[in-house]
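J.: Sequence:
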Amino acid sequence: MNLKLSERPYSGTTYRPRPEIHVDAASGTFIVATPWGPREAARKVIDRMNDYLALAREDQEATSPFQKLSCLSDQANALRIATLLANEALYREENRTEYRAGVELFAGLINDDEFVWLQSGNPQILLARPGRTLIPLGSQIDLAYDLSEGGELLPALPSQLVGLDSSINLNINSFRARGGDKLVLISHSHLPTTLFGLAESEVTVDSLSRHLSRVHPDHAFWLGVLELGDVALEAAG
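Quick note on numbering that gives the first Met the number 0: the sequence shown kicks off at 0 and runs consecutively.
These are computed hints drawn from the structure, not numbers from a lab. Computed from a predicted structure; not experimentally measured. From the three backbone atoms N, C-alpha and C, an ideal C-beta is built for every residue, glycine too. Heads up, a few of these hints could be off.
Stated by the list, open to error - Distance windows between CB atoms, simulated: (1) L54 - L156: 34 to 40 Å; (2) S165 - E226: 32 to 38 Å; (3) S138 - R91: 26 to 32 Å; (4) T12 - D145: 20 to 26 Å; (5) E92 - T193: 21 to 27 Å; (6) H189 - E57: 41 to 47 Å; (7) S166 - P135: 25 to 31 Å; (8) A25 - S158: 31 to 37 Å; (9) G196 - F65: 37 to 43 Å; (10) E92 - E199: 23 to 29 Å; (11) I140 - E199: 38 to 44 Å; (12) T193 - D73: 36 to 42 Å; (13) Y14 - R91: 25 to 31 Å; (14) L156 - R7: 17 to 23 Å.
Between the sequences and the hints, there should be enough to build the whole structure, so can you do that?
T.: Written out as structure tokens, the structure is:
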């Protein structure tokens, strides 16, 4: 599987932590973990998830304390359980008595032409498909947006984090990937409308960065563009 990521942080005059990123083209795994607190928390989430995902690839009947959901595919269940295990570990080791670390999370798995993803907090997720304009797949309202008044945004402040509680609310979904598809991932509190009118040739890190920084020049963001490769041909092969 061909997964190619281009990414860039933009600091502005405010603060947003840069994520830890894991890309494994061989297994079709992609994880973006943004730490709020010590950076080791993001690495811990990625490591816990990869441990279970590797086990699930070897044994689809691998046991876990969490029940599989009949409404999800095997791949989606594996990703969900991996995240629940990471959440439990981070809560138990860091946050049981007081809040020390939380992680915003996006994780995806691709197998044949099924791309399964889940998120807790940022980044915002958009799909760029050849011949079509950008379409949002997963939008998040963080506290910076929720508490801001007027036209000015407050500095970045998350509302959904892995590890703060023994349970967690996850957004889980999937789509059928096609050749030339790109995922646009943006950790930002309010996406400008100009993004949705971009031409296909403008869905690049450079062009997207210019649009975001022009609208909110002081507002920090992180941007990633994940190219999924020619999945249609790979799936057929």
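J.: Give a verdict on every hint.
T.: A quick look at each hint next to the structure:
For the pair L54 and L156, the supplied restraint of 34 to 40 Å holds, since their beta-carbon distance comes to about 35 Å. Range check, S165 to E226: about 37 Å between beta-carbon atoms, so the 32 to 38 Å window is met. Judged by the Cβ atoms, the range 26 to 32 Å given for S138 and R91 holds: they are separated by roughly 30 Å. Distance hint for T12 and D145: a CB-CB separation of about 21 Å, consistent with the stated range 20 to 26 Å.
A hinted range of 21 to 27 Å is violated for the C-beta pair E92 and T193, which are about 42 Å apart. In this structure the supplied range 41 to 47 Å holds for H189 paired with E57, their Cβ-Cβ distance being about 43 Å. The hint said 25 to 31 Å for the Cβ distance between S166 and P135, and at roughly 26 Å that hint holds. Taking 31 to 37 Å as the suggested C-beta distance range, the pair A25 and S158 conforms, at roughly 34 Å.
The beta-carbon spacing between G196 and F65, approximately 42 Å, falls within the hinted interval of 37 to 43 Å. In this structure, E92 and E199 break the distance hint of 23 to 29 Å, their C-beta atoms being roughly 45 Å apart. At about 28 Å, the CB distance of I140 to E199 disagrees with the hint of 38 to 44 Å. Remark: the range hint 36 to 42 Å for T193 to D73 is upheld by a beta-carbon distance near 39 Å.
Checked against the given bound of 25 to 31 Å, the beta carbons of Y14 and R91, roughly 28 Å apart, stay inside it. Evaluation of the 17 to 23 Å hint for L156 and R7 yields a pass: the beta carbon distance comes to about 22 Å.
Checked against the numbered hints listed earlier, the structure breaks hints 5, 10 and 11; every other hint is satisfied.
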